[in-house]
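Enquirer: Protein sequence lines, in the order shown, are assigned to chains A and B. Just so we're aligned: the first sequence equals residues 1 to 385 in this note's numbering. Just so we're aligned: the second sequence equals residues 386 to 546 in this note's numbering.
Think of the hints as simulated: they come from the structure by calculation, not from any bench. Where a beta carbon is used, it is the ideal one built from N, C-alpha and C, also for glycine. Watch out, some of these pointers could steer you wrong.
Unchecked claim - SDA-like, lysine to any residue: derived pairs with alpha carbons at most 25 Å apart: (1) K477/B - E413/B; (2) K527/B - P88/A; (3) K441/B - I51/A; (4) K441/B - E29/A; (5) K67/A - P88/A; (6) K527/B - K67/A; (7) K527/B - W44/A.
What the hints assert, rightly or not - To spell it out: a stretch of chain A is covered by chain B in this simulated footprint if at least three of its residues, at any positions, have a beta carbon under 8 Å from a beta carbon of chain B; those stretches are: (8) 20 to 29; (9) 363 to 375.
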Amino acid sequence: MSFELSDRVQAVPPSGIRRFFEIADERDEVISLGVGEPDFATPWAARDAAIASLEQGKTSYTANRGKTDLREAIADYVADRFDLGYDPDEEIIVTAGASEAVDLAFRAFVDPGDTVAIAQPSYISYEPGVIFAGGEVLPVPTREEDDFRLTVEGLEEAGADEADVLVLCYPNNPTGAIMPAEDLEPIAEFAREHDLLVLSDEIYAELTYDGEHTSIATFEGMRERTIVFNGFSKAHAMTGLRLGYALGPADAIGAMNKIHQYTMLSAPTTAQYAALEALDSCEDDVQEMVDQYDRRRQFVLSRFREIGMDVFEAKGAFYCFPEVPESFTAEEFAEEVLREQGVAVVPGDVFGTGGEGHLRISYATGLEDLREALNRIEAFVADNA
Amino acid sequence: MSEREVLESLRENARYSAADIARMTDLEEAEVEATIEELEAAGVVRGYQAVVDWDKLADERVRAEVELNVTLDRETGYDDIAERLARFPEVKALRLISGDYDFDMEVEGDSIREVSQFISEKVAPVPEITQTVTHYVMTSYKENGIELGDGEDDDRLSFSP
Ligand SMILES: Cc1ncc(COP(=O)(O)O)c(C=O)c1O
Numbered sequence: 001m002s003f004e005l006s007d008r009v010q011a012v013p014p015s016g017i018r019r020f021f022e023i024a025d026e027r028d029e030v031i032s033l034g035v036g037e038p039d040f041a042t043p044w045a046a047r048d049a050a051i052a053s054l055e056q057g058k059t060s061y062t063a064n065r066g067k068t069d070l071r072e073a074i075a076d077y078v079a080d081r082f083d084l085g086y087d088p089d090e091e092i093i094v095t096a097g098a099s100e101a102v103d104l105a106f107r108a109f110v111d112p113g114d115t116v117a118i119a120q121p122s123y124i125s126y127e128p129g130v131i132f133a134g135g136e137v138l139p140v141p142t143r144e145e146d147d148f149r150l151t152v153e154g155l156e157e158a159g160a161d162e163a164d165v166l167v168l169c170y171p172n173n174p175t176g177a178i179m180p181a182e183d184l185e186p187i188a189e190f191a192r193e194h195d196l197l198v199l200s201d202e203i204y205a206e207l208t209y210d211g212e213h214t215s216i217a218t219f220e221g222m223r224e225r226t227i228v229f230n231g232f233s234k235a236h237a238m239t240g241l242r243l244g245y246a247l248g249p250a251d252a253i254g255a256m257n258k259i260h261q262y263t264m265l266s267a268p269t270t271a272q273y274a275a276l277e278a279l280d281s282c283e284d285d286v287q288e289m290v291d292q293y294d295r296r297r298q299f300v301l302s303r304f305r306e307i308g309m310d311v312f313e314a315k316g317a318f319y320c321f322p323e324v325p326e327s328f329t330a331e332e333f334a335e336e337v338l339r340e341q342g343v344a345v346v347p348g349d350v351f352g353t354g355g356e357g358h359l360r361i362s363y364a365t366g367l368e369d370l371r372e373a374l375n376r377i378e379a380f381v382a383d384n385a
Numbered sequence: 386m387s388e389r390e391v392l393e394s395l396r397e398n399a400r401y402s403a404a405d406i407a408r409m410t411d412l413e414e415a416e417v418e419a420t421i422e423e424l425e426a427a428g429v430v431r432g433y434q435a436v437v438d439w440d441k442l443a444d445e446r447v448r449a450e451v452e453l454n455v456t457l458d459r460e461t462g463y464d465d466i467a468e469r470l471a472r473f474p475e476v477k478a479l480r481l482i483s484g485d486y487d488f489d490m491e492v493e494g495d496s497i498r499e500v501s502q503f504i505s506e507k508v509a510p511v512p513e514i515t516q517t518v519t520h521y522v523m524t525s526y527k528e529n530g531i532e533l534g535d536g537e538d539d540d541r542l543s544f545s546p
């Protein structure tokens, strides 16, 4: 028999980066600037805690919402770092990565036909997530002239006043843009005025190089309409351990937990032990990684300027978003620089409206490799000028 | 604290150019160059060396960690003994340490014979030295903060979200 695929699955196109995978696979000595994950290993103390938990045979399910002590530690951490106050018993859920949390939110809050406005360019999983939930995506482009920040005009132009849900991701993947408090305030007002539910993916919050991260949930009247996502993948270099969480009002988190308890039961137990230790004792490791990313960021930005490619001054996450020279589309540039020079980069188009003509460069790669990769990009640009 | 930033970059890779370091920090290239010169002149930066994995080379290099115990008398202090030992080119590192023995000495030579001869003929006879214990290095896993061996390849996906 052949599988009759659901309309929802068919509605999601294949990933825009799969073709590049194949090219990268054929070629040796590829330096990849295409990865959205830290090149650091999880801080040793956190790994040790995971190992110890295994040795002690702590391998059963935990509470659906996550271990109590972990939820308490998360509550303390977000209060301390981001001024977010959530009750660990009812307002926090620990998930298998922020990815699961995002999916739970779409499934819990989006009905078929609901409109989900997504500030773009942005992380590639939101749009499929909305479609799987039966919702409709409304892209809200952000522009380089606005430093890739979301503006009320942008929301109005896209018709987001009619939307049900608004998805934000700052610091942003792929642009590296951040939204300082003064830029978030009018967005918060817009959300209140048009009664939008806000899903705010703040997984790169710690990776803010210029100023402090502000969560939209801290604005007046926003806590009750916002779900905040965060996790351990990025700042704590724990991608493979699959641990994230969501913060929100008790009813909303309760609804997400309803789905979670039937699909995931609980987040990985070993990872929860690692995460608890990460929050307890790995602050210095995080700071060390952030410092290194910052140095790489400055290096990469300045090299692009030397190469003569316009590059947006990324201030968060570990990406920067240069413009390709006019004679190329982003896809062409990415494909040719991979074939000719063995440097893997992601064309901006895959991140949605507003990403065209740009490349996502991840600097979650050692400086030596970054240096070599940028030399190769320079040679490529010179050869093709 | 430009000195610190410059030092950290140089320790990571002494071959970074002043331009590279300027790009990573917020400093001007000229400022980086001047800082390096000052650090060299002040004797903070004492030299630049390659970190070598000798196991990768066909011709052998023998290294030993030697524990030294000494007795001091009124005329001779640790510094005097150290000065004498440090002069031998075979001695690559020499440190006065706390604990069960006094000096920790790294010795390098072309063969085990050469190294043991050096220790028995040149080091042991030093009058203040009461005992030497030689540990030959079998395999080195990390040198100067750099991991040796084949390491793991970066097996992350070449593209990820
Ligand atoms: C914006 C954003 N959110 C979520 C994720 C996934 O995070 P997790 O590993 O916690 O599922 C990523 C990973 O690239 C991301 O960039």
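Enquirer: Which numbered conditions among the earlier hints are violated in the structure presented, ordered from lowest to highest?
Expert: 1, 2, 3 and 6
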